[in-house]
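For the sequence shown, this note's numbering gives the first residue as 753, with consecutive numbering after it.
Careful, some of the hints might be misleading.
Restraint-style ranges between C-beta atoms, simulated for each label pair [to be verified]:
#, residue 1, residue 2, range
1, T798, L852, 29 to 39 angstroms
2, T794, A814, 16 to 26 angstroms
3, V777, T850, 28 to 38 angstroms
4, T819, V777, 28 to 38 angstroms
5, H789, R828, 13 to 23 angstroms
I should point out that these hints are in silico values taken from the structure, not numbers from a laboratory. Every value quoted in this text rests on a predicted model; they were computed, and no experiment measured them. No residue lacks a Cβ here, since even glycine has one placed at the ideal position from N, Cα and C.
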Amino acid sequence: MSAEGGCKEEKEEGEDRKPVIKPGVHVTLKVQDTDGHSVYRTMRRTDKLQGLMDFYYASVPAIARGTGRFLYDGGRLSGEETPAQLEMDDGDEVDFFTELMGGGGWVAGSITA
753 MSAEGGCKEE
763 KEEGEDRKPV
773 IKPGVHVTLK
783 VQDTDGHSVY
793 RTMRRTDKLQ
803 GLMDFYYASV
813 PAIARGTGRF
823 LYDGGRLSGE
833 ETPAQLEMDD
843 GDEVDFFTEL
853 MGGGGWVAGS
863 ITA
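Build the full structure now, drawing on both the sequences and the hints.
And the structure:
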């Protein structure tokens with residue numbers, strides 16, 4: 753084997769190289785809201801969920817930032833948590849609920865019909 757052949761083989765290997773993605777490093781999450789909007793985001797398991805929340809607000813301009821709550825498995829998410837901490841799997845769904853304001857005050861006494 754000549755030195756020239758060795759260089760050629762190295763060059764061919766370099767051209768065919770693709771980025772190596774370790775299995776389980778990334779997770780694709782879906783944010784589903786009550787209006788029917790679905791937003792998908794692929795992120796590293798070690799990234800904070802604030803990135804997912806910001807991406808949702810940017811993708812759905814009809815929803816103002818900070819006007820709702822993100823829930824996963826019935827628990828409220830904070831932007832400081834990561835998918836790894838919550839043991840999220842690829843394809844898991846995060847629910848978004850718009851915060852409702854209002855409602856009547858409580859009145860003491862009995863109600864008669």
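Against the structure, the hints come out as follows:
1. For the pair T798 and L852, the beta carbons lie near 34 angstroms from each other, so the given range of 29 to 39 angstroms is met.
2. Here the CB-CB span from T794 to A814 is close to 23 angstroms, well matched to the stated 16 to 26 angstroms.
3. As the Cβ distance of V777 to T850 is approximately 33 angstroms, the hint placing it in 28 to 38 angstroms holds.
4. In this structure the supplied range 28 to 38 angstroms holds for T819 paired with V777, their Cβ-Cβ distance being about 32 angstroms.
5. For the pair H789 and R828, the beta carbons lie near 19 angstroms from each other, so the given range of 13 to 23 angstroms is met.
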